[in-house]
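Respectively, the protein sequence lines represent chains A and B. Residue numbering for the first sequence follows the numbering used here, beginning at 1 and increasing consecutively. Residue numbering for the second sequence follows the numbering used here, beginning at 1001 and increasing consecutively.
Since the hints were derived computationally from the structure, they do not count as laboratory data. Computed from a prediction, not measured in an experiment: that's the story for all the values here. Do not rely on the hints blindly, as some may be mistaken.
[What the hints assert, rightly or not] So these bits of chain B aren't anywhere near chain A, every CB distance computed over 10 Å:
{"no.": "1", "residue": "Ser1015"}
{"no.": "2", "residue": "Glu1052"}
{"no.": "3", "residue": "Trp1059"}
{"no.": "4", "residue": "Pro1064"}
{"no.": "5", "residue": "Glu1083"}
{"no.": "6", "residue": "Pro1164"}
{"no.": "7", "residue": "Arg1172"}
{"no.": "8", "residue": "Gly1203"}
{"no.": "9", "residue": "Met1211"}
{"no.": "10", "residue": "His1214"}
{"no.": "11", "residue": "Gly1234"}
{"no.": "12", "residue": "Pro1248"}
{"no.": "13", "residue": "Gly1251"}
{"no.": "14", "residue": "Ser1257"}
{"no.": "15", "residue": "Ile1260"}
{"no.": "16", "residue": "Lys1266"}
[Said to hold, decoys possible] If we take Cβ atoms under 7 Å as the criterion, some of the chain A residues that face chain B in the derived model are:
{"no.": "17", "residue": "Phe20"}
{"no.": "18", "residue": "Gly68"}
{"no.": "19", "residue": "Tyr143"}
Glycine included, each C-beta is placed from N, C-alpha and C at the ideal position.
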Amino acid sequence: MRVEADELLVLVAGGDQKAFEELYGLVAGPVFGLVRRVVRDPAQSEEVAQEVLLELWRSAAKFDPGRGSALSWILTVAHRRAVDRVRSARAAVDREQREALRAHHPAFDQVTEEVEAGLEREWVRRCLDRLTTLQRQSVTLAYYDGYTYREVAERLSLPLGTVKTRMRDGLTQLRKCLGGVA
Amino acid sequence: MSLLARLLRREDLHSLAAPYALDALDSGERYRFEKHLRTCDSCAAEVRALSEDAARLAWSTAAPPPAAMRDRVLAAVRATPQEPSRMPEHTPQLPPHVWGTQPPPSRTRAPRERRPFFVPLATATAAAALVVASLFAVQARQTQDKLDAAQSQSREINHVLAAPDARAATGRDNQGRSIGVVASASEGLAIVTLSGYEQPPGGRVHQLWQMRPHAQPRSLGLFGQGDTPLVATGLDKSATSLAVTVEPDGGSPQPTSQPIVQLALKSVGFGE
Chain A
1 MRVEADELLV LVAGGDQKAF EELYGLVAGP VFGLVRRVVR DPAQSEEVAQ EVLLELWRSA
61 AKFDPGRGSA LSWILTVAHR RAVDRVRSAR AAVDREQREA LRAHHPAFDQ VTEEVEAGLE
121 REWVRRCLDR LTTLQRQSVT LAYYDGYTYR EVAERLSLPL GTVKTRMRDG LTQLRKCLGG
181 VA
Chain B
1001 MSLLARLLRR EDLHSLAAPY ALDALDSGER YRFEKHLRTC DSCAAEVRAL SEDAARLAWS
1061 TAAPPPAAMR DRVLAAVRAT PQEPSRMPEH TPQLPPHVWG TQPPPSRTRA PRERRPFFVP
1121 LATATAAAAL VVASLFAVQA RQTQDKLDAA QSQSREINHV LAAPDARAAT GRDNQGRSIG
1181 VVASASEGLA IVTLSGYEQP PGGRVHQLWQ MRPHAQPRSL GLFGQGDTPL VATGLDKSAT
1241 SLAVTVEPDG GSPQPTSQPI VQLALKSVGF GE
């Protein structure tokens, strides 16, 4: 799957539309799912996902296979876009509303419950569960909810340095746990 | 800066690798960190590894995309040139400055520098691509009997795109529907597209208005069926925004309702 996406992306960079269709089949689900998880609003998610996928076509030549997998590159681009969108939307919400939202925000660990069945999902969920609470909260508030580490520190009432460390430890633990699963 | 201060600063930047991989930096810190990445080989390796870890978190979120999205993306792909210039000749070519990826023609371009392994993408670029892709998609769907009209419209579109000051922008309402424009202030021309808006019921129409400070809105025309773009001519340089209202059949001399969407024109060179 990973190798396939790498090869397809190289073909896409050469202007191969058939290869793009195949690549779409492989990555549209992960891209759309990730964007929707972060952006939440269905119409906006679709718009952002569309922009990301079109950007793949336009900028495929920027992908350098020597510097990481295609899939990781694609999801990184998608995540960056989703986070930018959700942050500009949040900036538009006035302070009072934000406070109200914060007061009604459900438990931080909701992500593990929202995750549906499926082998990949199951593994990620299992590995997230193995992190310490602070590691898990730091990683998921940033990645799934689009908060900056400063915002995460504020929400969890932790010093900035602690949050940075928890994020790093959380990601490294995930790597160890997910190690055997491709 | 003293060596110690520099080392401390470096240490501080290093600690941002994990937040960076999670996209948890604000834009200022992201910029500083990416600048640092270009000169720090060990960080690049670390960021790459952490980014791969972060990307695996994405796998638990995969979800089937809406079926119609595939058609839209593939249609846009057929009409959208790639970067750099690897596309066959017959594909509609755009002056690069319209996409927002290159400086205007008069400026010389700095030599390309080494970049981090993933490149942040300019939002304006994708926005412009979607606007323009929808223009060409519409052109491709014209039936034979509409060809003359389409050709004249196509000439206007090419005219705008060829203008040295052509710029693209999009705006959206709170329901995610959008308005897109490719405009040239020097030509007073704009091509405007609506997407996601249903045809209003009861024969009513979407009407486009030019908005200026201390001036009444001026009608720029009525949108046709579906997503056919509207070519607006004679725009004033001082126009500050475009607005769309729903009006009775045939349009109105002045807006009779609140705009359903508005788009500022500053980023496309108007409002002076």
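These are the hints, each one checked on the structure:
{"no.": "1", "hint": "Ser1015", "in the structure": "5 Å, violated"}
{"no.": "2", "hint": "Glu1052", "in the structure": "5 Å, violated"}
{"no.": "3", "hint": "Trp1059", "in the structure": "4 Å, violated"}
{"no.": "4", "hint": "Pro1064", "in the structure": "6 Å, violated"}
{"no.": "5", "hint": "Glu1083", "in the structure": "6 Å, violated"}
{"no.": "6", "hint": "Pro1164", "in the structure": "22 Å, holds"}
{"no.": "7", "hint": "Arg1172", "in the structure": "7 Å, violated"}
{"no.": "8", "hint": "Gly1203", "in the structure": "26 Å, holds"}
{"no.": "9", "hint": "Met1211", "in the structure": "21 Å, holds"}
{"no.": "10", "hint": "His1214", "in the structure": "27 Å, holds"}
{"no.": "11", "hint": "Gly1234", "in the structure": "31 Å, holds"}
{"no.": "12", "hint": "Pro1248", "in the structure": "28 Å, holds"}
{"no.": "13", "hint": "Gly1251", "in the structure": "28 Å, holds"}
{"no.": "14", "hint": "Ser1257", "in the structure": "22 Å, holds"}
{"no.": "15", "hint": "Ile1260", "in the structure": "15 Å, holds"}
{"no.": "16", "hint": "Lys1266", "in the structure": "17 Å, holds"}
{"no.": "17", "hint": "Phe20", "in the structure": "6 Å, holds"}
{"no.": "18", "hint": "Gly68", "in the structure": "5 Å, holds"}
{"no.": "19", "hint": "Tyr143", "in the structure": "5 Å, holds"}
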